[in-house]
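**Student:** Single-letter residue listing:
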Amino acid sequence: MTLFISITIAVIFGSAAYLMLKRDLIRVITGMILLGNAANLFIMAAGLRRGRAPVVPSEFETSDSLVQAMTLTAIVISFGVATLVLSLVYRVYDAHHSVDLRRLGSVEAVQSGLDDQPTAHVIQAADDAQDARQDREIAARQGGRW
Amino acid sequence: MPEFITNPNLALLLFCAAFAAPLLTTVIGTWRPALTGIVAIVTTAACLAIVGISYVAELSSINVPWSETLGLRFHLELDGLAQMYALLATGIGLLVVIYASRYIPLHLEHHHRGLDEQPRFFGFLLLFMAAMVGLVMAGDAILQFVFWDLTAIASFYLIGFDRDREDSRTSALMALLVTGISAVLVLIGVLMLRSELGTYSIPEMITLESGGTNVGIALGLIGIGALAKSAQVPFHFWLPNAMTAPTPVSAYLHSAAMVAAGVFMIGRYYPMIASFDWLLDAMLVIGFLSIAVGGVISLTRDTLKQILAWSTISQYGYVVVMFGLGNEYGLTGATFYVLAHALVKSALFLTAGAVTEATGATEMSETGGLARRMPVLALGSGLAAAGLIALPLTIGFFKDELFFAAAWERGPAFGALAVLSAALTFAYVSRFWIGVFLGPVRIEPRSISWFLTGPVLVLGVSTVIFGLWTAPVIGIAESAATLPANGPAQIEIAYHLDARHENVMAIATWALGILLVVSERWWSPAARAVASLGDRVGPERLYNRTLKGLEYVSDWIHRVEVRDLRSRVATILAPAGILVGLAVIFTPNSDAFEIGNFDRGDLPVAMMLLVTALAAIAVSIPRDHLRIVITVSCVGFSLSVIYSLLGAPDVALVAVLVETMLGVFFICMLLLMPRSILRFETREPSERFGIRRDIVLAVITGATAFFVVWGVLSRPSPSTELIDRYEELTPLAHGRDVVTVILADFRGFDTMGEITVIALVMLGVMSLIRKGRLR
Amino acid sequence: MTIALPLAILWFGALFIALFDGTRKPVGYTAVGLLAAALAATVALGIDVHRHGPKEMGIAGWEAGVGIALRADMLGITFAVVSLVVLTTALWFEVSRDVKARIFPALVMFMGLGLTGLFFTGDAFNFYVFFEISMVAAYVLASYGESPRQLRAALIFIVVNLLGSVLFLVGIAAMYHNTGWLDMDRISVQTPMLEENPVILTATIIFVAFSIKLGLFPFHFWLPAVYTGTRPAVAAILSGALANIGSYGLLRFGADIFPRELREGAWVMLILGSISIVYGGVQAIARHSPNEVLAYSTIGQVGYILIALSIGGEAGYAAAILYAVINALNKTLLFLSASLRGWIAGAAFAVGAFSVAGVPPAGGFFGKMVIFQIGIDDGRPLIVALVFVGGALSFVYMFQLYRARFWINQEADEATTKGALALVVALALAIVLIGVFPEPLLSISREATSILPERAP
Amino acid sequence: MTTEMTRTTCRILLLPILMISVGVLVKGYADIGDGFSAGVIASLGIILQGVAFGAEEFDRLPLVRYAPLATFAGLFLALAVAFLPVVSGDPIFLHHPVAGDSATHFGALEFITPVLFDIGVFLIVIGFCVGSIGAVARETVRRERDRGAQAETRRGSPGAPAERGDRR
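Residue numbers (the numbering used here), protein chains in the order written: chain A, 1 to 146; chain B, 1001 to 1775; chain C, 2001 to 2457; chain D, 3001 to 3168.
Just chain A, same shape as in the assembly (with noise of 0.2 Å):
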């Protein structure tokens, strides 16, 4: 059983880890989400017993309830986290109307004068552009800063 346990453990990970590597946002969510998950189930698997569950009086073993609470509070944790992340996807898609890593990566490649393909300037004052724009957004709009 520890084995089967730990094999599906690691391959939520490896799954996690392939989908984080991907340049789109939207995947590598995915593969944080699956992170959470694999966390989730070693916890509950790092139980020192297993049995029913943990109501008392029980007259048949129980199962052990401190992973248990531990898994709850981890599983609420990465909620909040995968909420958090996904919020940030959305403004950086509406910062760069893009979700791929890569474009992201290589304008600020780019913005450190190290790109030398003939776009990268055009890649780099559209950027800049639309810093100064989103500054002149967040200044106009006076009443709702941020």
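Fair warning: there could be bad hints in the mix.
Taking lysine to aspartate or glutamate pairs in the DMTMM-like style, the calculated list, with each CA pair at most 25 Å apart, reads [unchecked claim]: (1) Lys3027/D with Glu59/A; (2) Lys2100/C with Asp94/A; (3) Lys2055/C with Asp2256/C; (4) Lys2055/C with Asp2185/C; (5) Lys2418/C with Asp1116/B; (6) Lys2418/C with Glu2314/C; (7) Lys2418/C with Asp2021/C; (8) Lys3027/D with Glu61/A; (9) Lys2418/C with Asp2098/C; (10) Lys1548/B with Asp1164/B; (11) Lys3027/D with Asp1724/B; (12) Lys3027/D with Glu1728/B; (13) Lys2055/C with Asp3090/D; (14) Lys3027/D with Glu1727/B; (15) Lys2100/C with Asp2021/C; (16) Lys2418/C with Glu1117/B; (17) Lys1548/B with Asp1167/B; (18) Lys3027/D with Asp3101/D.
Hints in this document: simulated from the structure, not taken from any laboratory.
Dock chains B, C and D against the given chain A, drawing on the hints supplied.
**Tutor:** This is chains B, C and D only, laid out in the frame that chain A set:
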């Protein structure tokens, strides 16, 4: 009267006065810029007065704990060596400050800068003086190091005072890097000494038996730092560059004080250095090299201050050589030499500054014939120059006499080298003075203030006065030399009209010197060739190359990082995998992994595990984002089935609910982004290796996770004491569901944290989606 | 003085501040005041602990082990005080200029809560929970300012750090599985009795998790991207406060819970630390924007902490603590002052630069000195040489930056407010003060190691 | 899009869902479930209304508008339960009645402070779930309005540059 007035602790008093000087000057100077110069003069004079008094008072010291944890003490001792260098720092300091009080306003005016920059200049100048005073008095090696670096900081700001000029900034940086980085060697040396001898106190170190190799290495490191500060080959190149500083700085720091700090350091540690012959020999080599390099290059330079700067390198070479010779003449000569040199060299620097102010010329070829136009200046600097080339009746005569005596005692070959060195000095000093003051008048000078010529005259005349009335100077030098000699030192100097070695050598020197001066036409191409060779392969070139090379490497690494590594999760996964792999390899792992028993009751769990694993793999298959989300939810839901099978209904319930909620939120988010974009993004690029590499990394990560998880889970569980206790206590806590009670009571603090995270996330989501409005 | 007070101030304070619009000055200053109050409470707690020894509070009245125990010892308090100082300064700095986001002050307070909580908790899982509070606050903070650049940076930051958090969580679950306890004291009693294999695996992933937080090579790639893109106050918070989690975690988990594994893995830490020093230093040299130079400098400075830890022993741990504390202050000062203009800001920056280069009388001198000292006393010339090279590199990049940034005639801009200047000057003075009177900090760092059981290297 | 049928069903479903959630909440200490799951159940019920009535309508629900405040109220409640004992010198989170003491009963329910804490959790979760979905809904509405306005401008002056969308 209280004791501290009748019997003041002069060491502490001097320390306080010296550090009060920059503070007062800056504060008052910022308040009333016109007062800056006066305050600077008065405070410096006060410090000088304290040093003067110390010669008639008894030796004083202060020694209190500074940091007990590290065994540091605030230990200042005004001994003979400290007195002499403090006298130099404050005495030359006073003259330079007087000179600067007129020079700096002119300088600022020429550069179209406001007078409000004056306090900054004097502040750093006096800070330097204070650091110097602290440095020479410090008895604790770390305390000494603090002041040592403080002089470097002050020098950095003074060289870079004209910060609108690119060369000033570059030179300041160069001086800081060379002296600052080499200073770290001093620190390492000091720490090594402490490690060997168990104390930071220099007087204590000297009394301890110290013949170990590590002690020698430590002293060698200290020596390197000291020689770098004294601008000795091969660290000398910062000094000529530092001439971009305003002239008073050059006259003070870069001829009399800061470069003297280096040889001071050698003097301080000399009793220990003396027991290592290889250190002494190294000093001889470096000293003679510096004399030769400095002297030859000085002969090729045309810029006034450059001539003097290279001559300073050469002059401190003498001191290092005398320390390296190590006999009685050498030790006393070294201290005496520093004293004499400081007087004359600062006079020459001030002359250069005065000439530049009067004529606007900075090159020797632009000046000439000033003896008739500026007789006072010519006289003052002439006397100083006479001192430097060791003409009789000046204090300089004795410095060479001691030098010759020390060299001769070592052997005739050294004597010959000494004569050659001195002849070089004769040549470049004469060349300087003749070039400026004799010959045709090229630029008609303006009349300049007495503040600019007065200090030169004072210094020049005093070289003659002390050349005739030698007692005070000898007294000072003797009491200073007792410390390096670690015992009483005597300087016997007088004018002898006989054919002793020293006199013969002196006459030979002058003859050779005159020959050099008149034969300039013949040797100057050779000297120029040497100088340009130095430019091409010298250490300055190395310094610049190193900086360039570092920048190149830096850019190259950066390019690789930004292009290929940054924002790649792989850069975390791969090294993490390697580290875990190392851990697996390097630990005993026979029997560490076990398959675990499996009974029929586990079959549903195993099946669900299979489903989960398959679903997890399936997530990476679909192209459509919506399907990805649904597949991920499948993983979550099948996990919750596993939880319920494992006897955790609470977890299963929450997992289902959370998975639903997350799915809803995810889909809502996807709806916000146009399908067109998502569809566009889902098309994978036609990378040749991309996918294959990703798969390899994923397998590595999976394997890593597998080993960690399996390795941990294989261990038989420890006692279940804690969870039994929870079940026992749950009824007491008014509950039945142990998990809920843990969450709300036993470990309620975790839940507090968890809901705080949730609240925080909500704030974040609001700010990201709704620009922070809560309603 | 109770442990609960700083936490209560921060918790209620964060909640209270979150209700209001943080862009308004009074709200911002209230937040600053609350942070300062929490800081004062922590300092008072520290004095109490210094006099009467560590304090412990069992949450909900259960005995330690069953309930969560809060423990205030010198190690935790030192880091808590430093982090709160950094947070207060950074927030004050931002408020004195202009806060651009409503929730910024609340986020800083939540961050303070998370940090203080994790420095005080004696329970491994509770550590994780507080860790997540501070991380989530940092995730949102990283996107503060909202220019596309910052959003990108925040994204990288989250993805990488989430990985670290998950690893840490797995590590804690593994510790529980190994020992049957979550209380750190109990775990540290149990671990030496366990067989090596599972423990070293656990220790490794926890090391990786904290290395990611610290930005240690080769886990650093997120760091320059984030620091470059973000605002100075946020960079100061991330490098001055959040990174403390890494150093504290390595000390608490490494030296306290896994001393055996720490010894065995010392060579790995030594190698990684060395590479960090050289890599960060070399990378910083040719960078142009101040934030980027400082980011790489941070990577380099972390290496020293690792080296101190790998040498170990009382002196080594004390050196690590001292270095971490001074480094946090340095980085805060540098990030904040680099964004200002004028000679006053330049002077403050110079103090920070000298401190990073280890030049007295700036406090950083003692940080460098103790590292040299342990290297020499331990008879390791290679370490000494390495620290020397690192120091030389930091000289080069700090002063090249200083020259390029402050040694030009520059006009004051409107962002350089008097309040901001006063803050950086105060911070610079504090660093000089540490350099002149190092004894308090030195003895505190020594005292902080006393709770770490394994002292012999 | 939605029919009258689904709308009515959703509205009718809301009440039972909320009741279930309250049930889960109060029975949490004795049985499966706690404040958190109760909160999520209730939120799902409320969000269901959004699914039925559309984003605009959903955004107007007072429950949605004030959801973020519920989070703060909940957090405050939970904090108060946690930190009030400190005032009297007890450790954080000491629950009343303390372990072992008997509690006041109201039918099968016990009056103990953990229940208050759980209510805090419940409120936070509702606030969070409903609030964030509400935020998304509002953003959806805004975008649609933007798009409409943009189309309007484009029709009005053909040369006017499009604010967004040209970099896609």
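**Student:** Just to be careful, I want the Cα atoms of lysine 2418/C and aspartate 1116/B compared with a cutoff of 25 Å; is the pair within it?
**Tutor:** holds, 20 Å
**Student:** Is the hinted pair lysine 2100/C and aspartate 94/A satisfied, with a Cα-Cα distance of at most 25 Å?
**Tutor:** OK: lysine 2100/C and aspartate 94/A at ~19 Å, within 25 Å.
**Student:** Assess, step by step, whether the Cα of lysine 2418/C is no farther than 25 Å from the Cα of aspartate 2021/C, and give holds or violated.
**Tutor:** At roughly 23 Å apart (the allowed maximum being 25 Å), aspartate 2021/C and lysine 2418/C satisfy the hint.
**Student:** Keeping to a limit of 25 Å between CA atoms, is the pair of lysine 2055/C and aspartate 2185/C held or broken?
**Tutor:** holds, 14 Å
**Student:** Please work out if lysine 3027/D and glutamate 1727/B have their alpha carbons no farther apart than 25 Å.
**Tutor:** Holds, because 18 Å separates the two Cα atoms, which is no more than 25 Å.
**Student:** What's the verdict on lysine 3027/D and aspartate 1724/B, does the C-alpha distance respect the 25 Å limit or exceed it?
**Tutor:** Cα-Cα ~23 Å, so holds.
**Student:** Check whether the Cα positions of lysine 2055/C and aspartate 3090/D lie no farther apart than 25 Å.
**Tutor:** OK: lysine 2055/C and aspartate 3090/D at ~14 Å, within 25 Å.
**Student:** What's the verdict on lysine 3027/D and glutamate 61/A, does the C-alpha distance respect the 25 Å limit or exceed it?
**Tutor:** This hinted pair holds, its Cα atoms lying about 23 Å apart.
**Student:** Is the straight-line distance between the alpha-carbon of lysine 3027/D and that of aspartate 3101/D 25 Å or less?
**Tutor:** The hint holds at about 20 Å.
**Student:** Are the Cα atoms of lysine 2418/C and aspartate 2098/C separated by 25 Å or less?
**Tutor:** Holds. Lysine 2418/C to aspartate 2098/C sits at ~13 Å (cutoff 25 Å).
**Student:** Could you grab the alpha-carbon distance between lysine 2418/C and glutamate 2314/C and see if it respects the 25 Å cut-off?
**Tutor:** violated, 43 Å
**Student:** Has the given pair, lysine 3027/D with glutamate 59/A, been kept, meaning a C-alpha gap of at most 25 Å?
**Tutor:** holds, 21 Å
Hint 6 from the earlier list is the only one contradicted by this structure; the remaining hints agree with it.
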